[in-house]
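Using the supplied hints, reconstruct the complex from the two chains, each of which is provided in its own coordinate frame.
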Amino acid sequence: MATFGNLSDRLAETFKNLRTKGKLSPADVDATVREIRRALLDADVALEVVKDFTGKVRERALGDEVNKALNPAQQVVQIVNEELVAILGGEARRIQFAKKPPTVIMLAGLQGAGKTTLAGKLAKWLAKDNHTPLLVAADLQRPNAVNQLQVVAGQAGVAVFAPEPGNGTGNPVKVAKDSIKFAIDKQYDVVIVDTAGRLGVDADMMKQASDIRKAVDPDEVLFVIDAMIGQDAVATAKAFQDGVDFTGVVLTKLDGDARGGAALSVASVTGRPIIFASTGESLDDFEPFYPDRMASRILDL
Amino acid sequence: FTKPTIDANTWEDLEDALLKADFGPDVTDSVVTDLRAKVDRFKTTDPKDLQRMLRETMEERLSRLDTTLHLSERPAIVLVVGVNGVGKTTTIGKFAKFLATYGRTVVIGAADTFRAAAVEQVATWAERAGAAIVRPQHEGQDPASVAFQTIEYAKLHGTEIVVIDTAGRLQTKGGLMDELGKIRRVIEKQAPVAEVLLVLDATTGQNGLAQAEAFIQHAGVTGLVLTKLDGSAKAGFVLAVQEKTGIPIKLIGQGEGINDLTGFTPHVFAQNLVG
Ligand SMILES: Nc1nc2c(ncn2[C@@H]2O[C@H](COP(=O)(O)OP(=O)(O)OP(=O)(O)O)[C@@H](O)[C@H]2O)c(=O)[nH]1
Ligand SMILES: Nc1nc2c(ncn2[C@@H]2O[C@H](COP(=O)(O)OP(=O)(O)OP(=O)(O)O)[C@@H](O)[C@H]2O)c(=O)[nH]1
Ligand SMILES: [K+]
Ligand SMILES: [Mg+2]
Ligand SMILES: [Mg+2]
Numbered sequence: 003m004a005t006f007g008n009l010s011d012r013l014a015e016t017f018k019n020l021r022t023k024g025k026l027s028p029a030d031v032d033a034t035v036r037e038i039r040r041a042l043l044d045a046d047v048a049l050e051v052v053k054d055f056t057g058k059v060r061e062r063a064l065g066d067e068v069n070k071a072l073n074p075a076q077q078v079v080q081i082v083n084e085e086l087v088a089i090l091g092g093e094a095r096r097i098q099f100a101k102k103p104p105t106v107i108m109l110a111g112l113q114g115a116g117k118t119t120l121a122g123k124l125a126k127w128l129a130k131d132n133h134t135p136l137l138v139a140a141d142l143q144r145p146n147a148v149n150q151l152q153v154v155a156g157q158a159g160v161a162v163f164a165p166e167p168g169n170g171t172g173n174p175v176k177v178a179k180d181s182i183k184f185a186i187d188k189q190y191d192v193v194i195v196d197t198a199g200r201l202g203v204d205a206d207m208m209k210q211a212s213d214i215r216k217a218v219d220p221d222e223v224l225f226v227i228d229a230m231i232g233q234d235a236v237a238t239a240k241a242f243q244d245g246v247d248f249t250g251v252v253l254t255k256l257d258g259d260a261r262g263g264a265a266l267s268v269a270s271v272t273g274r275p276i277i278f279a280s281t282g283e284s285l286d287d288f289e290p291f292y293p294d295r296m297a298s299r300i301l302d303l
Numbered sequence: 015f016t017k018p019t020i021d022a023n024t025w026e027d028l029e030d031a032l033l034k035a036d037f038g039p040d041v042t043d044s045v046v047t048d049l050r051a052k053v054d055r056f057k058t059t060d061p062k063d064l065q066r067m068l069r070e071t072m073e074e075r076l077s078r079l080d081t082t083l084h085l086s087e088r089p090a091i092v093l094v095v096g097v098n099g100v101g102k103t104t105t106i107g108k109f110a111k112f113l114a115t116y117g118r119t120v121v122i123g124a125a126d127t128f129r130a131a132a133v134e135q136v137a138t139w140a141e142r143a144g145a146a147i148v149r150p151q152h153e154g155q156d157p158a159s160v161a162f163q164t165i166e167y168a169k170l171h172g173t174e175i176v177v178i179d180t181a182g183r184l185q186t187k188g189g190l191m192d193e194l195g196k197i198r199r200v201i202e203k204q205a206p207v208a209e210v211l212l213v214l215d216a217t218t219g220q221n222g223l224a225q226a227e228a229f230i231q232h233a234g235v236t237g238l239v240l241t242k243l244d245g246s247a248k249a250g251f252v253l254a255v256q257e258k259t260g261i262p263i264k265l266i267g268q269g270e271g272i273n274d275l276t277g278f279t280p281h282v283f284a285q286n287l288v289g
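Just so you know, the sequences run in chain order A and B.
Residue 26 in my numbering sits at position 24 of the first sequence, with consecutive numbering throughout.
Residue 37 in my numbering sits at position 23 of the second sequence, with consecutive numbering throughout.
Think of the hints as simulated: they come from the structure by calculation, not from any bench.
Zero decoy hints are in this set.
Under the rule of at most 20 Å between Cα atoms (straight-line distance), these lysine to aspartate or glutamate pairs were calculated in the EDC-like manner:
hint, chain 1, residue 1, chain 2, residue 2
1, A, Lys183, A, Glu166
2, A, Lys102, A, Asp187
3, B, Lys187, A, Asp257
4, A, Lys240, B, Asp244
5, B, Lys187, A, Asp287
6, B, Lys34, A, Glu37
7, B, Lys34, B, Asp48
8, A, Lys53, B, Glu29
9, B, Lys258, B, Asp40
10, A, Lys53, B, Asp30
This is chain B alone, in the form it adopts within the complex (with noise of 0.2 Å):
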């Protein structure tokens, strides 16, 4: 956005811009559109307008959704899903100390019963967190009845929030789909369901709306929490699915420590996105 006047150079590098930060080809071409639009009505010629412009209307379109996350049942029982590898158990364990600076008492659910050290991992991070665990009572365990039995601690303890950790899982897996269904409903058996976070890695391309309406249909995801954004990638694809979805981002992680993790704020994201 270096040149003086808006002109063809401008829009290709707008796009190109958008392109490279992983808004894929459709947003791509609403968000040029839009903004041809705006310049026309409002008769600028500056391209710094043109990067103000783009900068309020990312802002406007992410804070659309209500992005606070609702715990007020007691206990709040959160459920967190996602594909392999994208940073669930770290989540958690950022989140169980996030919610006890804030005086909450957390138990953790290791229901990733499937992948190799799942289990000593999360248990790990609750120490960390200085959270309580449940693990599974034998390997292989029915992760339905590690959520269940860790509610039942929760209940029989008094503490405030469940947090559960479920194996990795591509969306396309029908049977591993079907399983989170299964955890999802031995839950409310017991207790509703406060929040279901979907983690998603910064670093996905478009396939990250495949996997939102995958785990939206399956586990009926209520937030967005979306990790790794200390590293180069620009996380564009979220704008699409939350417009596709309506579900909001509620969780941003940055890096691989216990205190990295924050809330959502659309400005500072926005200004992350489009400089």
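Chain A on its own, in the form it takes in the complex (with noise of 0.2 Å):
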């Protein structure tokens, strides 16, 4: 990414101007927000989010805070770096079990996103956990992805309840509903339920999520994306949002120099946090998410 500068790059730099001064004046403040913003938006945060959170930082940068600070530059740095936390959600949030087994997990998001590879990542970290989690091939529709999470689950070393083919046969909300039953008679005390990817913009396909999600009534829905989206992550956030509601979200594909500024968008827009970060394609790349490292790794402080 060298060729036109990361956030971090551009931050630092930034701060370097403000580093050999003394006070910060109107001007200088109005410099910092708009390099903030630029590289804020190279970064791919949605536009609105980076009004938003430019907002914020200007007024607090005008603020005593930093009048008063004996190194004005330095608490500029601090409000960004709080401000940026305070969005991505804080303290890390930990998966919800069900009191009363199974734990249902559904799993939702824009094709390709990284939904099975996630599936076969959680049950193999739940395994090791000494749970005995179930993944359910609910994605009827793409092309062998019913063989796609039955070879996942044979690397997480978990069962998965698959019942049709797919590929455009069977109806995914019925297998969804059936899996329940299954896994409270076979006592597996996680359900992973996996989807096909769908649009924002595809009403019947987020009413089936809708449905998927009302006959498995889950403890967690965890909404995929993928690192790389740009602008669109707003309004597909809010897609899936409106269309299902989800009670987290994991971040994919971190493994790459995509600088996830729709970690930003979502968790912004959205008010869910941030669980998961995936981070390979193989079963073991995967972490909880640390709001903090996250701020940290886009500021490079």
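The structure is reproduced here in structure tokens:
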């Protein structure tokens, strides 16, 4: 990304200029805010979130806490960091388990975001913790999604509920519903429902997701989103919030060099916490999401 | 653009619209500067003129490159590359069908030997498209050797077009990018590569440019395919990609069905981009 410079580089450059001076004039604050705005846009943070964010930073930067600070520039850095962490969710949140098993986790998101892979990652991680997860093949749309989930389940060493072959045959709502009974009968304590990728603008498919949700009454609905996504993150996140509603977010493909501005966009627009980070193609490339680390990753502080 | 005269708000709305369409801050600045100059030159005050000028600018900028596919060699070999999950395999299914409608015979090389059920997925598409397929002979076979065998198949059977599916890879993974270079070299030992298509997902933001640059460097991309344009994303980032790399968009994907693939029309694309 050296060709256009990333968020960290840009802010570092701006802050370097600030650090050389003593006090911040309103013009200094304007210049900084402009740089932050540009850097956030380059990092794919959604425009409305950028406006909101820079508004808050400007207000605080012009206030007393900065003027009275020993090192005003350092104080601005601090503010940017605080505001970022606040949007990203403050404390890390963990999966909510049901009081009475099975705990049901439904996955939803755009096509190709990384849902099926995540199903395997979650299952493997839970199995290590002595859970007995069941993967449910409720994507009956994408060619060979059912086979893919079966392979992934094999790799994770967990069971899979796949009564329908898919590729356009079978009813995903029924499969999802039946999986709960199956899990109770066979005493699986976590059910992970993989669903087909769908666009926010596809009303029929959003309705299907909502029907699956009603059928399984999940403890968690995880919205899976690709860290490379651009400005569309907002429209898509809103569509999934309105259509299925979700309880948490998983950011995928963080092993690349995308700055992941979507993290800010989605968290800010939906108010839902980001719970996990997916960082590769193998089933172990997966970790809890730490808002402070993400802010530091973005800011490179 | 509902205001009667062009004022500061009009310019801010324009800037916002471009940013929201993923043009990115640099291209947005350059487009706005361009248009300001035009508005001054033509002494325009009607925002409708501004919108028309914007559409024309876009169309003009997008029309500079040759968007036709070059598939005259026999066999014509098409290598399909891109980051994870953008729509490579689906595009191959649609493309094979598209070629079949023009009476071409097609064989698909299932050279994604890595991802779970990738071979089965592309085999389903081959069947739907009525194309032949060459599968790996064992699990985890070297993708370059699958590509090699696919071309052998085409030569043996006189198949006109070879399309090679590859595993998704992030452009930052050196080893995987080198593997693409190897696939290309192995193919070229047998026949020239007609097209290397880089698949880009319309929902992508500014990272699209980094993707294009890396894949061009490692695989010698000759054309872009833009997928998922049936969603709400506008894919404004491709303007920067085109201008910085000079690689044309050759195909557009607009759905998950086998017929949801078309050639690239700058006029339609510009219309969709700016309204
Ligand atoms: N590099 C990288 N690749 C990933 C990650 N997560 C998933 N992938 C890859 O992204 C591609 C798509 O992943 P899937 O799990 O099939 O995505 P999906 O959301 O189930 O896709 P659909 O079912 O088609 O909507 C595959 O090539 C995965 O290997 C990640 O964190 N990093
Ligand atoms: N809406 C829409 N979905 C698409 C389009 N093209 C592909 N998809 C979907 O995107 C998802 C990923 O498509 P694939 O063809 O598997 O992508 P890929 O690049 O081969 O993925 P990997 O091999 O895992 O890297 C699937 O769910 C496809 O159905 C498109 O133009 N529009
Ligand atoms: K994607
Ligand atoms: Mg899937
Ligand atoms: Mg594929």
